[in-house]
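Chemist: Letter by letter, the chains look like this.
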Amino acid sequence: MSAWEERPDAELLAGADLDPLAFGAFYRRHERPVLAFVGRLAGNTTLAADVLAETFAAAFEMRARFDPARGEARLWLFGIARNVLGSSLRRGRVEASARERLGIERLTLSRSQTSLFDEVIAADGPSAVEEWLAALPADQREAVRLRVLEERPYASIAHDLECSQATIRQRVSRGLAALRAQMGENA
Amino acid sequence: MTLWPELESSLVRSAARAIPSNVRPSAPRGLLRRSRATLGAVLVTAAVTAVVLVVLLIGRAIADPLARAASAALHQPSLFPKDDQYFFVRTEGTQPTGMSTKSGRSINAVETLITDRWQSADRTSLQRTRVVALHFASPADAAYWRAHGGPHLQVGATQSMSIPAVGKYYIDIGRGELTRAQVLALPSNPRALYGRLVPSSSRITQLLRHASPQDLAQIAKLKSEYGSLNNYLAWAAFNAITSSFEQSPMPPAVRSAMYGALALIPGVKSIGLDRDLVGRRGDAIVFTDHFRGIRTELIFDPDTSALLGERQTAIAKGVGFREGSLIENLAYIDEAVTNNLSVPHTQRLH
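Residue numbers (this note's numbering), protein chains in the order written: chain A, 1 to 187; chain B, 188 to 537.
Accuracy of the hints is not assured; some may be wrong.
Facing chain B, according to a computed beta carbon distance under 8 Å, are these residues of chain A, among others [what the hints assert, rightly or not]:
| no. | residue |
| --- | --- |
| 1 | Ala16 |
| 2 | Pro20 |
| 3 | Leu21 |
| 4 | Phe23 |
| 5 | Leu102 |
| 6 | Leu116 |
Treat the hints as calculated values from the structure; they're not laboratory data.
Where is the CB? At the ideal position from N, CA and C, for every residue including glycine.
Only chain A is shown next, with the shape it has when bound in the complex (with noise of 0.2 Å):
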């Protein structure tokens, strides 16, 4: 525990260029929901935790960037974990850059905390994803995560919704268009 762990987020963020320690609280209050957002994204745990570190990597480098008026720090994190992902997945390898940069080390799980890993990412996985999708409206919400997380047909998802697949369309592309514009970044 340290000073910082009862700060606002914001306040983590810009005290990190003054006390490591901030950061260190940053990371511990939103470590399980990330992982548990990437792991239901990756599939994955070696990869999930893999890219839970050049997250919170890049999030320290891009700290001054962080604007609370636009949204909260978690979503600000899980735009960043899936940008990191969608990289890494072009690329072929995980995204390690901002490690790199900042010196470091490629870190490996215990199989205990493997195991951990894997009961946070059963047990908070989709709330997490729910979360990120909460701030869409109801419509906009089903056919994203029908479409982008469950990945089924547009024909499949009409069906069940009773629309045509063009509305579906409409619904995930202006869902997902909604959430790179809050999270600020485009994959």
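Dock chain B against the given chain A, drawing on the hints supplied.
Modeler: Chain B in isolation, oriented as in the chain A frame:
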């Protein structure tokens, strides 16, 4: 209670090492520099600024290359976009990268990146980075890569990042984002410009009078980390001014004043002519941050004042890079004002 204490420890250690890098993150930097100071940070800045103002009053001769650049800048056309236009910058740079095998072994490499950045006040800004080449850091790294079947290296991969419009330019010159009108209103006198970038001494006195014990402790911590407040201030001033060269549209008179202000910073030295990453010759200056162990070299076109290149080198252990290794080598290839997200070919910096 953390799930992964090893990661938390690594992050905290890195934060301790890299505290200054919030002001000067690695390239491409333009869209990442917006700063929001807390009261504590303002107080710290104010306190160290008080010291530098004294230094500035003492003054020293402007180095010749910077005097030439300041003069040349006055005669360059203004590259200042309207709020609905873009300020386009293309850079080419190298930076360390790496990959790991399934067994966890790290393979070190250096990738060459071309970054295009369109910055706008009123429209969504975009930064697009493409990996154009990758070289292994050593023969051993190359051999290890081959021994593992030579997996695809993803050269050619492109990453894009957009930043929503906020009505301001991401110019970090001591006080964060500025509107177009604020940039245009910056003083053209170097000393006056400094005065605009930092709080007045009366304001510093006022702030320090009301500083909390925690703020005073932060000031003491900075002093110990940088050896002295003078060192910290020199570093902060150098970064603030050079970041404005790297990414920002500025009217000619303000740009000229920036060179004059840069020459006033203790520790900025001319090293004669040097070549940038793509081989262009220019006047070079260096600033060495002995406490973080990083040497930064800037290369200017003596005829136009344009910043051609920037090179950062690790000069000591403890910054996450091997001693003597290049942290970053960046060349500014082109810049222009555009009406849309297209790539112009002005060859302005050639």
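Chemist: Indicate, hint by hint, whether the structure satisfies it.
Modeler: Consistency of the hints with the structure:
Hint status for Ala16 of chain A: holds, given a least beta-carbon distance of 5 Å to chain B, under 8 Å. At a threshold of 8 Å, the smallest CB-CB gap from Pro20 of chain A to chain B is about 3 Å, leaving the interface hint in force. Given the 8 Å rule on beta carbons, the hint for Leu21 of chain A holds: about 6 Å separates it from the nearest Cβ of chain B. The interface hint given for Phe23 of chain A holds, since its Cβ lies 4 Å from the closest Cβ of chain B, which is under the 8 Å cut-off.
With a cut of 8 Å, the hint placing Leu102 of chain A at the interface with chain B holds, because the nearest CB-to-CB distance is about 4 Å. Interface restraint check: Leu116 of chain A against chain B, minimum CB-CB distance 6 Å, threshold 8 Å, status holds.
The structure fails none of the hints (numbered hints given earlier).
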